[in-house]
Amino acid sequence: MAFLGLLMLVLASQMPPAKAQNASPNFDTQPDAPIEVAAQQITLLELQNKAVLTGKAFLEQGALSLSAQTMTLIFNPAKGHQAEDVFATTDVVMVDTKGQTSRADQAHYNLAKELMTMTGNVQVKDQQADGQFTTLRGQRLVINMRDGSSQMQSDPSTGRVRIDLNQ
Amino acid sequence: MASDPTHYTKRVKRIRTASLTLAALLAGLLVLWSGLQSGSWFDAANPTGPAQAELKDAVLRGENAQGKPYIFRAETFRRRVGEGEVYDMIAPDMTLGSPAQSDTTRAQAQTGTYNQQSGLAVLSGQAIVHKGQDTTITAPNMAFDTLTGDLLVEGPLVMTHPTRTIKAAGLKSSNEQKRHEFSDAIITLRRQGQP
Numbered sequence: 001m002a003f004l005g006l007l008m009l010v011l012a013s014q015m016p017p018a019k020a021q022n023a024s025p026n027f028d029t030q031p032d033a034p035i036e037v038a039a040q041q042i043t044l045l046e047l048q049n050k051a052v053l054t055g056k057a058f059l060e061q062g063a064l065s066l067s068a069q070t071m072t073l074i075f076n077p078a079k080g081h082q083a084e085d086v087f088a089t090t091d092v093v094m095v096d097t098k099g100q101t102s103r104a105d106q107a108h109y110n111l112a113k114e115l116m117t118m119t120g121n122v123q124v125k126d127q128q129a130d131g132q133f134t135t136l137r138g139q140r141l142v143i144n145m146r147d148g149s150s151q152m153q154s155d156p157s158t159g160r161v162r163i164d165l166n167q
Numbered sequence: 001m002a003s004d005p006t007h008y009t010k011r012v013k014r015i016r017t018a019s020l021t022l023a024a025l026l027a028g029l030l031v032l033w034s035g036l037q038s039g040s041w042f043d044a045a046n047p048t049g050p051a052q053a054e055l056k057d058a059v060l061r062g063e064n065a066q067g068k069p070y071i072f073r074a075e076t077f078r079r080r081v082g083e084g085e086v087y088d089m090i091a092p093d094m095t096l097g098s099p100a101q102s103d104t105t106r107a108q109a110q111t112g113t114y115n116q117q118s119g120l121a122v123l124s125g126q127a128i129v130h131k132g133q134d135t136t137i138t139a140p141n142m143a144f145d146t147l148t149g150d151l152l153v154e155g156p157l158v159m160t161h162p163t164r165t166i167k168a169a170g171l172k173s174s175n176e177q178k179r180h181e182f183s184d185a186i187i188t189l190r191r192q193g194q195p
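Listed in order, the protein sequences are those of chains A and B. Anchor point for the first sequence: position 85 equals 85 in the numbering used here, and the numbering is continuous, going up by one each time. Anchor point for the second sequence: position 56 equals 56 in the numbering used here, and the numbering is continuous, going up by one each time.
To be clear, the hints were calculated from the coordinates, so they are not data collected in a lab. Keep in mind it's a predicted model, so treat the numbers as computed, not measured. Take these hints with a grain of salt, some might be off.
[To be verified] Just a few of them, taken from the derived set where beta-carbon distance is under 7 Å, the chain A residues facing chain B:
| id | residue |
| --- | --- |
| 1 | Ile42 |
| 2 | Thr43 |
| 3 | Ile74 |
| 4 | Ala78 |
| 5 | Gln82 |
[Unchecked claim] In the BS3-like style, the derived pairs of lysine-lysine whose C-alpha atoms are separated by at most 30 Å in a straight line are:
| id | chain 1 | residue 1 | chain 2 | residue 2 |
| --- | --- | --- | --- | --- |
| 6 | B | Lys56 | A | Lys79 |
| 7 | A | Lys50 | B | Lys10 |
| 8 | B | Lys172 | A | Lys113 |
| 9 | A | Lys56 | B | Lys68 |
| 10 | B | Lys56 | A | Lys56 |
| 11 | B | Lys172 | A | Lys56 |
| 12 | B | Lys178 | A | Lys79 |
| 13 | A | Lys79 | A | Lys125 |
| 14 | A | Lys98 | A | Lys79 |
| 15 | A | Lys50 | B | Lys13 |
| 16 | A | Lys79 | B | Lys167 |
| 17 | A | Lys50 | B | Lys56 |
| 18 | B | Lys172 | B | Lys13 |
| 19 | B | Lys10 | A | Lys79 |
| 20 | B | Lys178 | A | Lys113 |
| 21 | A | Lys50 | A | Lys79 |
[Stated by the list, open to error] Computed from the model, here is a short list of chain B residues facing chain A with C-beta under 10 Å:
| id | residue |
| --- | --- |
| 22 | Glu54 |
| 23 | Glu63 |
| 24 | His130 |
| 25 | Asp134 |
| 26 | Thr136 |
| 27 | Thr138 |
| 28 | Thr163 |
| 29 | Ile166 |
| 30 | Phe182 |
| 31 | Ile186 |
| 32 | Thr188 |
| 33 | Arg190 |
| 34 | Arg191 |
Note that CB positions come from ideal geometry on N, CA and C, so glycine has one too.
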């Protein structure tokens, strides 16, 4: 019996360790870098304190880029009409310099709180050092743009965050 | 001492001449005053050419359709022969709205054309428009509607504001609705105090 226990211990020590799966990926962010937004058409509506970007809308801040079909910038008249929020909808894709690609139905970048929130069918695809791809799926991803940390929240119907591994 | 009848006749003639001169002067002032009350008028330091076709250091004042006052200045306003109220301008400087108001629009350029009938000014040679107190638009060429304050730019332009810079390939701007439509545009956002 003692021999059997010892054998199991030896076999277990020979097995490769289980791969650590990060359900809260880190992003390469530069919150102090200037923000540039571009689109085929930008309509600045001064009376509504907003700008609507349509046609290949694109946001770039340092290492990070965000693209979507439509974006809306919200300006705060109490702070010299400084931009405070960016809302992106339809085909939202965010890419950082590490090549980590995130997709979602919508995104909201709160510039004042330095938080990026992606919602609706969120997927974060990342390539590991060994060439393996991992795809993290959930319904809501909140990224702290100050330190790049994030938190994926689950689909309320299933209560699960899913990770897919692909060679 | 008897009065000289010849001397009396001369005095009457002098009084008549003075009265006619005064009447003519008053009539002139009346015409000028009526001009001030409606429409616009030119002041010019050195009107030259036939029928004041070219006006130096000219100032055009008036009110637009919305009752907004405007003042247009130029080193030269040259009226085009046979084209009605169309002027070629050198160094135009056009202000729409009272300088005391916050929504004043001021347009300057190296040269321009102004159609007094339509109110449309086409500005060229590094045209600059200041809208309100903190927005500036620069472009090689632009059309400025002096009646409405609307702008049309069909070429590269830059709009600067303390918290953003917009570079675009074109702009259609409605002054009344405060709506600006940019094509192929890039906005660089700045935080307050950021260079």
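The hints, checked one at a time:
1. Against a cut-off of 7 Å between C-beta atoms, the interface hint on isoleucine 42 of chain A holds, since the closest Cβ of chain B lies about 4 Å away.
2. Nearest Cβ of chain B to the Cβ of threonine 43 of chain A: about 5 Å, under the 7 Å cut. The hint holds.
3. Look at isoleucine 74 of chain A: its Cβ only gets to about 12 Å from chain B, farther than 7 Å, so that hint breaks.
4. With 7 Å as the threshold, the beta carbon of alanine 78 of chain A stays out of range of chain B, its nearest partner Cβ sitting at about 11 Å, so the hint is violated.
5. At a threshold of 7 Å, the smallest CB-CB gap from glutamine 82 of chain A to chain B is about 5 Å, leaving the interface hint in force.
6. At most 30 Å may separate the alpha-carbon atoms for a hinted pair to count; lysine 56 of chain B and lysine 79 of chain A exceed this at roughly 45 Å.
7. Using a Cα cut-off of 30 Å, the hinted pair lysine 50 of chain A and lysine 10 of chain B is violated, with the two alpha carbons roughly 80 Å apart.
8. A threshold of 30 Å between alpha carbons decides the hint, and for lysine 172 of chain B with lysine 113 of chain A the separation of about 34 Å lies outside it, so the pair is violated.
9. Restraint check for lysine 56 of chain A and lysine 68 of chain B: the C-alpha separation of about 40 Å exceeds 30 Å, so the hint is violated.
10. With a C-alpha separation of about 50 Å, the suggested pair lysine 56 of chain B and lysine 56 of chain A falls outside the 30 Å cut-off, and the hint is violated.
11. A threshold of 30 Å between alpha carbons decides the hint, and for lysine 172 of chain B with lysine 56 of chain A the separation of about 20 Å falls inside it, so the pair holds.
12. At roughly 19 Å between alpha-carbon atoms, lysine 178 of chain B and lysine 79 of chain A fall within 30 Å of each other, so this suggested pair holds.
13. Between lysine 79 of chain A and lysine 125 of chain A the CA atoms are separated by roughly 37 Å; this puts the pair beyond 30 Å, and the hint is violated.
14. Of the pairs offered as hints, the one joining lysine 98 of chain A and lysine 79 of chain A is violated, with about 34 Å between alpha carbons and a cut-off of 30 Å exceeded.
15. In summary, the hint linking lysine 50 of chain A to lysine 13 of chain B is not supported, as the alpha carbons are separated by about 76 Å, beyond the 30 Å threshold.
16. Simply put, lysine 79 of chain A and lysine 167 of chain B have alpha-carbon atoms about 23 Å apart, close enough for the 30 Å limit, and the pair holds.
17. Proposed proximity of lysine 50 of chain A and lysine 56 of chain B is contradicted: the alpha carbons are some 44 Å apart, above 30 Å.
18. About 66 Å separates the Cα atoms of lysine 172 of chain B and lysine 13 of chain B, which puts this hinted pair outside 30 Å; it is violated.
19. About 80 Å separates the Cα atoms of lysine 10 of chain B and lysine 79 of chain A, which puts this hinted pair outside 30 Å; it is violated.
20. Distance check on the hinted pair: lysine 178 of chain B and lysine 113 of chain A sit about 29 Å apart at the alpha-carbon level, within 30 Å; holds.
21. For the given pair, lysine 50 of chain A sits about 14 Å from lysine 79 of chain A by alpha-carbon distance, which is consistent with the 30 Å threshold.
22. The beta carbon of glutamate 54 of chain B comes no nearer than 39 Å to any beta carbon in chain A, farther than 10 Å, and the hint placing it at the interface is violated.
23. Against a cut-off of 10 Å between C-beta atoms, the interface hint on glutamate 63 of chain B is violated, since the closest Cβ of chain A lies about 24 Å away.
24. Against a cut-off of 10 Å between C-beta atoms, the interface hint on histidine 130 of chain B is violated, since the closest Cβ of chain A lies about 15 Å away.
25. Against a cut-off of 10 Å between C-beta atoms, the interface hint on aspartate 134 of chain B holds, since the closest Cβ of chain A lies about 8 Å away.
26. Residue-level restraint check for threonine 136 of chain B is violated (minimum Cβ-Cβ distance to chain A is 14 Å; threshold 10 Å).
27. A distance limit of 10 Å between C-beta atoms decides the matter here; for threonine 138 of chain B the minimum to chain A is near 16 Å, and the interface restraint is violated.
28. The beta carbon of threonine 163 of chain B comes within 5 Å of a beta carbon in chain A, closer than 10 Å, and the hint placing it at the interface holds.
29. The interface hint given for isoleucine 166 of chain B is met, as the beta carbon of that residue sits about 7 Å from the closest beta carbon of chain A, less than 10 Å.
30. A hinted interface residue such as phenylalanine 182 of chain B counts as satisfied when its beta carbon comes closer than 10 Å to some beta carbon of chain A; here the least separation is about 4 Å, so the hint holds.
31. Among the interface hints, the one on isoleucine 186 of chain B holds; its C-beta lies about 4 Å from the nearest C-beta in chain A, closer than the 10 Å criterion.
32. Interface hint status for threonine 188 of chain B: upheld, as the beta-carbon distance to the closest one in chain A is roughly 5 Å, under 10 Å.
33. Taken as an interface hint, arginine 190 of chain B checks out: its beta carbon lies about 7 Å from the nearest beta carbon of chain A, inside 10 Å.
34. A hinted interface residue such as arginine 191 of chain B counts as satisfied when its beta carbon comes closer than 10 Å to some beta carbon of chain A; here the least separation is about 6 Å, so the hint holds.
Hints 3, 4, 6, 7, 8, 9, 10, 13, 14, 15, 17, 18, 19, 22, 23, 24, 26 and 27 from the list above are not met by this structure, while the remaining hints are.
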